[in-house]
Amino acid sequence: MTDDPSVVVAPPLPSAGSSLHRRDFVRLLGGGIIVLFNADLSDLLGQETRTRGYPTDFNAYLRIAGDGRVTIYSGKIEMGQGVVTSLAQMAADELAVSLDSIDMVMGDTALCPFDMGTYGSMSTRFFGPALRAAAAEAKAVLLTLASEHLKTPPDTLSVEDGMVFLTSDRKTRVTFGQLAKGQKIVRTLDGKAVTKSVSEFRVMGRPEKRRDARAKVTGKAQFAGDIRLPGMLYAKVLRPPAHGAALKSVDTSAAARLPGVVVVNEGGMVAVLHSDPEAAEKALALVRADFEVPKPAFDDKTVFAHLLSVAGEGEEREKKGDLAEGEKRSVSLFEAKYLNGYGAHAPIETHTALARLEGGTMTVWSSTQTPFPSQQAIAQAIGFATENVRVITPFVGGGFGGKSAGLQAIEAAKLAKLTGKPVQVCWSRAEEFFLDSFRPAAVVRIRSGLDGAGRICLWDYQVYAAGSRSSEQFYDVPNNLIRTYGRWGSETPKMHLFATGPWRAPGANLNVFARESQIDAMAAKARVDPLEFRLNNTSDKRMRRVLEAAAGRFGWKKAAAPSRRGLGVACGIDAGTYVALMAEVRVDAATGSVKVGRIVCAQDMGVVINPDGAKMQMEGCVMMGLGYTLSEEVRFDGGRILTRNFDTYELPRFSGMPEIETVLVKNDELTPQGGGEPAIVPVGAVVANAIFDATGARLFQMPMTAERVKEALVAVSRKP
Amino acid sequence: MRDSISFRLNGKPIHLDVDGDRTLLWVLRTDLGLTGTKFGCGESFCGACTVVVDKEAVRSCQMPVKAVRGKDVTTIEGLEQNGKLHPLQAAFADSGGLQCGFCTPGMIMNAYALLLKTPKPTRSQIRAGMDDNLCRCAAHHRIVQAIERVSAPA
Ligand code: FES
Ligand code: FES
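Residue numbers (numbering that gives the first Met the number 0), protein chains in the order written: chain A, 0 to 719; chain B, 0 to 153.
One chain only, chain B, in its complex shape:
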């Protein structure tokens, strides 16, 4: 049942001996102690569990950990570099793009992948690209502002 799985996690190589059918979400949250990635619905509907795998936003609650073998996984914990917030993180904080903060890691990771693909998205591209991430506190307005702040031409 145990699989030997190597991949890169937040820029560092990592090796796991785990049941490869377990979801990436729970391996991150339990075995690896990376609790920034959240459980919200478990069925791909909310996006709280979003992480970035090889530049694509994925729902870690739907992804077996064996599927990231040899890939590059970035979680919310991997965005801050040397104590410096990623511009998206800073923009979410400064624009008030969060209230309870529970959807926030998933929102930021989804936006991060969106900007990798489309560095200068229009407002409607932002709305479409973020549409499947749910925020119950309804911070949508400020989240869009935060993403625009990072992506708008200087």
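Looking at chain A on its own, in the form it has when it is part of the complex:
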């Protein structure tokens, strides 16, 4: 698929797409040294849903072949997070081979063992350690073989660059390829393998150029929409004007008269297909359909009251002390409500899939974060056995939690089955905004109190519709209660009118916006510098260190807010990583528009495997975070989605780019923690706090659009 042989994203089809039994599976691999391992905790939960027929005791494996090449097979996928590079780095280092001798086979249900999917900063955190252990195990096997081959005890041997040699005489040596050739050694990782310590890293810990970079800068990297098959048709599917609308009648006759158009009207799906995607689009415009649209129940403004009214019973997440006691001790009380509307994932690549039926197997190239669950969903939808469906995941053009449901892959497979032709479904931008699962609109209510010594003595936290992620208390609060209502995944009925789903760090952005805004309001009331206030109120060492690191780089000078300088601080914990941000903003009082000039991000993420990759993720998080913070909001009226393209859904742009400085706070005692999401989490809060510092106006709703900022400015100027 690419001209770079070291990146195999979608390998060629094997002759049959049938299920793999463990024996056959090992035979198919053609020998070598194979280490099977379990690489993801979430998969333990997914055991029962695994495809029958597949070996089930591992979800990834590593193989050293007779030519010395190392291949890692994993159902994880590459969507920009860089795992094609970082995972290869880890294996190369543990095995002591060059990065170039490692191939990655990812996201192909016929070649890789079952995997739940790629999300939640999991790849490095859970996959990484398991992969490293597997590589270490393979190296141990190689050492034993080499010791037999060279007839010398293992402790006289050294390993370097794919070779085992006598430490005292480098010329007495044998290559991994020679050792692996003709072998059929299969090991299952038992957790005993010893991996390298940080000081022994050779490849890990070093900046590495992305291995997929060349393919991506030449336009050769293939995404699902780039695959061309002879005779393929491009499909356009009829969509209702609103969620919840019912099709009453449809007339496809005008569309059918266009030359070359194939019309499908089957089982509730109406689609037009053509060998030219634009002709298919024209045909769709000729389809006349009558829908019954339900009366709008609420819209993007009234949704918050709606959420509170249907929230139902709360769930306690954290409880300490006694709220009444905290209230008694409080000399000042703070009560506020924080809001956030629906957000879209809006990857630049819309959901796309190409399906082909051949020899009883449905092969689907799909832009998906979850190839295996998608395989099962497709099989069910078209009435095939799971093993007769193969999902191949080429490069994915951004996911952010949105490419999980896989509706487009089901549609392509259904249409391929009905027409007998290969069929591509590529959503238009309006379809993407209509069918994507949104980050749920949500509300946080906080009641907090300060005692006479400026310490937080009360924290009563309630979050509606977002879930508890990143709401955990790290301030030293004796009376603390955190409750969630209708969190994502267990919503009360009728809570949302359309599908909701995880968005980069689900729920955490609002939770941190709310908590850190509230903390800031308390600091301002106490007339204490917001950094100092935080340090006074937390004894959490990791949090103190990231705050201090950020302050050092930023050149933070103490002042109580609002100081009119436009400076803010916020911090949070996500996916095991601690992060502190400091920002400088300018607010245009006339228009309400906010310009973020500079952001410093300090992060403690445990051992850092690829510092450059980690910094890139941090910069990306900060930049992407400015979108949910300042401009991104889905507009809707009932089930009708009014947001249809990027003119009204405003993503962060170059002109809004602040100077971004990143600091990695060293913590080599801790295994690698999440890197893909944490830094996005406090962006809303740091900007809100900087706006307050600049103007004295506090924003309680994201995104903080110019309009809302202006409203807040007017409100504050009216105050006595």
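Quick caveat, the hints were computed from the structure, so don't treat them as lab data. Just so you know, these numbers come straight off a predicted model, no measurement behind them. Incorrect hints may have been included.
Claimed, not checked - Across the chosen pairs, the derived CB separations fall in these ranges:
| hint | chain 1 | residue 1 | chain 2 | residue 2 | range |
| --- | --- | --- | --- | --- | --- |
| 1 | A | 610 | B | 119 | 28 to 34 Å |
| 2 | B | 53 | A | 208 | 30 to 36 Å |
| 3 | A | 266 | B | 16 | 34 to 40 Å |
| 4 | B | 2 | A | 294 | 46 to 52 Å |
| 5 | A | 280 | B | 2 | 15 to 21 Å |
| 6 | A | 266 | B | 123 | 31 to 37 Å |
| 7 | A | 208 | B | 12 | 35 to 41 Å |
To be verified - If you want the ones that stay clear, here's a sample from chain B, every Cβ over 10 Å from chain A, calculated:
| hint | residue |
| --- | --- |
| 8 | 4 |
| 9 | 13 |
| 10 | 19 |
| 11 | 28 |
| 12 | 35 |
| 13 | 53 |
| 14 | 71 |
| 15 | 76 |
| 16 | 121 |
| 17 | 147 |
| 18 | 149 |
The beta carbon of each residue, even a glycine, is placed where N, CA and C say it ideally should be.
Please build the complex by placing chain B with the ligands on the supplied structure of chain A, with the hints as guidance.
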């Protein structure tokens, strides 16, 4: 309906018999198999479909193919010469100016046209010149660095 259209594509003359009202984007992606040029929004808002026509960056999703008659069209596939990356491509790769890579061809083509006009742009000229190209992975920082690397005085 079919038009006879000749133009230069990536330095080579090309002749097409197609409906001239079809967009350049889809003619490139389907008839010509040049899938490096991406579809992102179809309405001129994202820049994923950017190609260079007679030294100008254009949105191929908005351009009927008949409009390039007699012109010089360069796509991302045309930048690499004899297996050697164009300096911009190399800089994007080396500076990490990409994550998922989906916006990348459009970004590079837009930057290519920008540098044709302004070989030594200031940082604010780069930001202004790239402003209408969207990157959801938010690789902006590195993209600007990549462009600066190519354009900065040696
Ligand atoms: S696809 Fe042409 S600008 Fe978005
Ligand atoms: S790199 Fe993913 S959209 Fe730009």
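If any of the earlier hints don't hold here, list their numbers in rising order.
-> Result: hints 6, 11, 12 and 15 break, sorted rising.
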